[in-house]
Amino acid sequence: MTPPRRLSRTPDGPDADPDDRSVPLEAYLGALATLDGMGSASLRTLLALGSPSEVWERICRGAVDARLRNALAPVARDASGSWAAQARSVDPVALWTRWRSRGIGAVSIGSPSYPACLLDDLDPPVLLFHRGDLDALAHPRVAVIGTRRATGYGRRVAHELGLDLASAGVCVVSGLALGIDAAAHNGAVAASDRAPGSTAETAVDPSVSGRTQAGPVAVVGGGVDAPGPSTNAALARRVVGVGAVLSEAPPGTRPAPWRFPVRNRILAALAPVVVVVESAERGGSMLTVEQAQLRDRTVLAVPGPVDSPASAGTNALISEGALVCRGVDDVMSALGLLLEGVANPPVESRAEPDGDAASVLAVLGFTPVSIESLSRDLDLDLGRLSVALGRLEALGWAERRGPFVERVARSDGGPRR
Amino acid sequence: MLAIAHSATLIGARGYPVRVEAHVSDGLPSFAIVGLPDASCRESRDRVRAALLSSKFVVKQARTTVNLAPTHLRKAGAGLDVAIALALLVATGQLDADLLDGHAFIGELGLDGSMRPVIGTLPLCEAAGDLRPVVAHADAAEAALVRPDARCARTLSELVGALRGDLPWPDGEPRRSHGSGPPDEPDLRDVQGQTVARRALEVAAAGGHHLLMVGPPGGGKTMLAERLPGLLPDLTDQAALDVSRVHSAAGALEDTSRLLRRPPMRAPHHTASMVALVGGGSTVLRPGEISLASGGVLFLDELGEFPAAHLDAMRQPLESGVVRVARAHVGASLPARFLLVAATNPCPCGVGPFGPCRCSAAQIQRYQRRLSGPLLDRFDLGLWVDPPPASEVLGQRSAGESTAVVRDRVARARERARERGVSANRQLRGEALERAAPLSAEALAVLRDHLAAGRLTMRGAQRIRAVALTLMDLDGLHGPLDAERVQVALSMRTHAQALGVAA
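Just so you know, the sequences run in chain order A and B.
The opening residue of the first sequence carries number 1 in the numbering used here; numbering runs sequentially from there.
The opening residue of the second sequence carries number 418 in the numbering used here; numbering runs sequentially from there.
What the hints contain is simulated information worked out from the structure, not anything from laboratory work.
Keep in mind it's a predicted model, so treat the numbers as computed, not measured.
A few of these clues could be false.
Stated by the list, open to error - What follows is a list of derived Cβ distance ranges for each label pair:
(1) B:ARG732 with A:GLU352: 40 to 48 angstroms
(2) A:GLY355 with B:PRO804: 29 to 37 angstroms
(3) A:GLU352 with B:SER819: 36 to 44 angstroms
(4) B:ALA726 with A:ALA116: 50 to 58 angstroms
(5) A:VAL93 with B:PRO765: 46 to 54 angstroms
(6) B:GLU832 with A:ASP354: 38 to 46 angstroms
(7) B:GLY838 with A:GLY241: 47 to 55 angstroms
What the hints assert, rightly or not - Sample of chain B residues facing chain A (criterion: CB under 7 angstroms; computed from the structure):
(8) THR612
(9) GLY799
(10) ASP803
(11) VAL863
Ideal Cβ placement from N, Cα and C applies to all residues, glycine included.
Construct the complete structure from the given sequences, taking the supplied hints into account.
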């Protein structure tokens, strides 16, 4: 792997100052990234030719020789034939202005605001587009990842990890996909909802500074303006509001399949600790784990039922020696941080149910069951069963979701995490 | 010479009187039918001519014009054949004009001169008004349902003979006695286990609450749905007439000797077209499945397979109980007061979120997106139906209540709804619901908890109250809603997440 090449900055290209009217080199880098099939490796190969603006001019002239072309990644090589035509129809400056006006920024390797944690990576992205505040990355970072096809259990654990980590001042990094990713991000943004006045508090009490809740960061495969599936659009806006969305792909890119594994390496690079909540035996999350292991990251896995396909991957990781994640404490100790000053939800004492409610709770597991089968197994009529369920709901032990009942609290009396 | 005969034509489920005018004059021989006839009506010309000849009448070579008044109304079908033939006979002087007075002729002619039954005899006879309907012999029983004075004939020559007084009017087919043989409905007793589902069926029947069943294939969703019509009480006289009229207009009345007394059940396949479901067509405006299910149960199996547009077209009729079908030239209001029962698999593979499901998240989303939120909102009851365990299917568990027992309870509950001025509790809204279903202190606390926790919307809470009220009615309880009924209603409530997957 070639060592990262620091880009020399053109004399007229000062650092990314949002108010600056001149054209920074990121404008040309960004324009280069919009070319079909352009990935990080190909971009780096091209930059061997000179500064981004020079490379851009050469491509416009169609002066990319065959030798260089062969050095490109296959996707880029196939598409490079049409680059000249494509480049001539694009004005990098106009493109750049348009991005800036939509609140989309870009940092290139070597720029002062480039995330420091990526600088000494194996394969750092040459250019990162971002929306939101990159300072979110200044907090300790933990990647919470997992399958799109999550179970209720996985989503709940991911949500609570996101919530607790964000409240503990940890930046939750994830991919903004459906399932676990979305749940983790939802939890993280919920933490900032919970403490809306936190900035004012830190100003008063410096001892808490650095331990206030941290905004989440999403690394997505497509463009930062339309990340992930459309169902997550609202979530993406909230992540931008309190944290940041990052991508290597230029704005407007629809995520092609090859972009996800490439994205996964950034996830692994950003976070020293990676938590896999749920994953099938072979899946995108396992690719991220491979990337994390390449980089000597600490990998934690959330154990799951042994017969659940969604937990097959995580259980396998544990048997191979990954750390076990039973909750936020395990993640914090892996990070080497103590869980102090965390605005944990107040510990509520949960009254033990009695009568019918107790017998219902005794058979209720964390996997949802239908009310029908509960009634059958307990031989309770619907009236008594419903009253018992209502009691359990009122006490916070269980929840009815449509025709299902699910246990939501452990019986050790501890709070729901 | 001019002659007039009366008849009727069908639009939607309603008959409209039609005046058939025939004019025969000298000139080049021709035969024209005017007055917005549709294709089958225009073909009358050839049928009538052949039938007249077969019946040994003379067909004059003359300029013949038949006008169907009122001319703004589209006329469809062959039901005007007999009236046209008689008007021609009068116009050509083969029959005295006054013999047709006071009659309305409804029937189709065969080439051999026989009179054949038509679709919609019941509403057509209603349209006869002061006139005495004369129908084909095969339609006599159906006509007699609304017009006991209706007359019938087997052939055109028999009809002319009877009009002239040469022959006696033939009797209609002897009417079979009422209630002969038990109604052939599946019994609730055959359902093994499924206590919650049985209760939900009972509540749906008593309160008219729409029911959604979700579950893997083989869980018994269809079996349960088939038992729902049996739980509904017999139709009242007025309802029976309304239902029979629609079925007659659609040609779906199987037993023509009596009104439909039992609530109908329709189970259209998901490939049914929009017109087949909501009704329509270019001229006749045939009643759709939702109108045929009016007064009874509309069962949509595989709800997720129905095109979204078709399902959304049902939303408005679900609220208003009427579907107004409009076309460029005609429009018709058809009844659509049905109890909607739908069944769906949780996902394309059918296993659902808690089994070894093979569907991708995107597949599940696509499957569930077909069920629009507003449609799911219409379901007051939601059920997860799992196949019962083998021990229960084969075991000797005591059988549950039979259909007859439950139907009695349902009838009593419906009676109480009628006292509130509605036919079922589902129709109680806003102020009326507030008055009919006050909450006890405990019940109020339960609902308030759920609202505060975000598990229930205001609209949802109102639906819970309606269902709880139905439960009170079924249990014969009076007074404010108690907490237990509200809890049971909560257990049977469906919402967007009823399919078990939260994206």
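Which hints from the list above does the structure break, by number from lowest to highest? Of the numbered hints, all hold.
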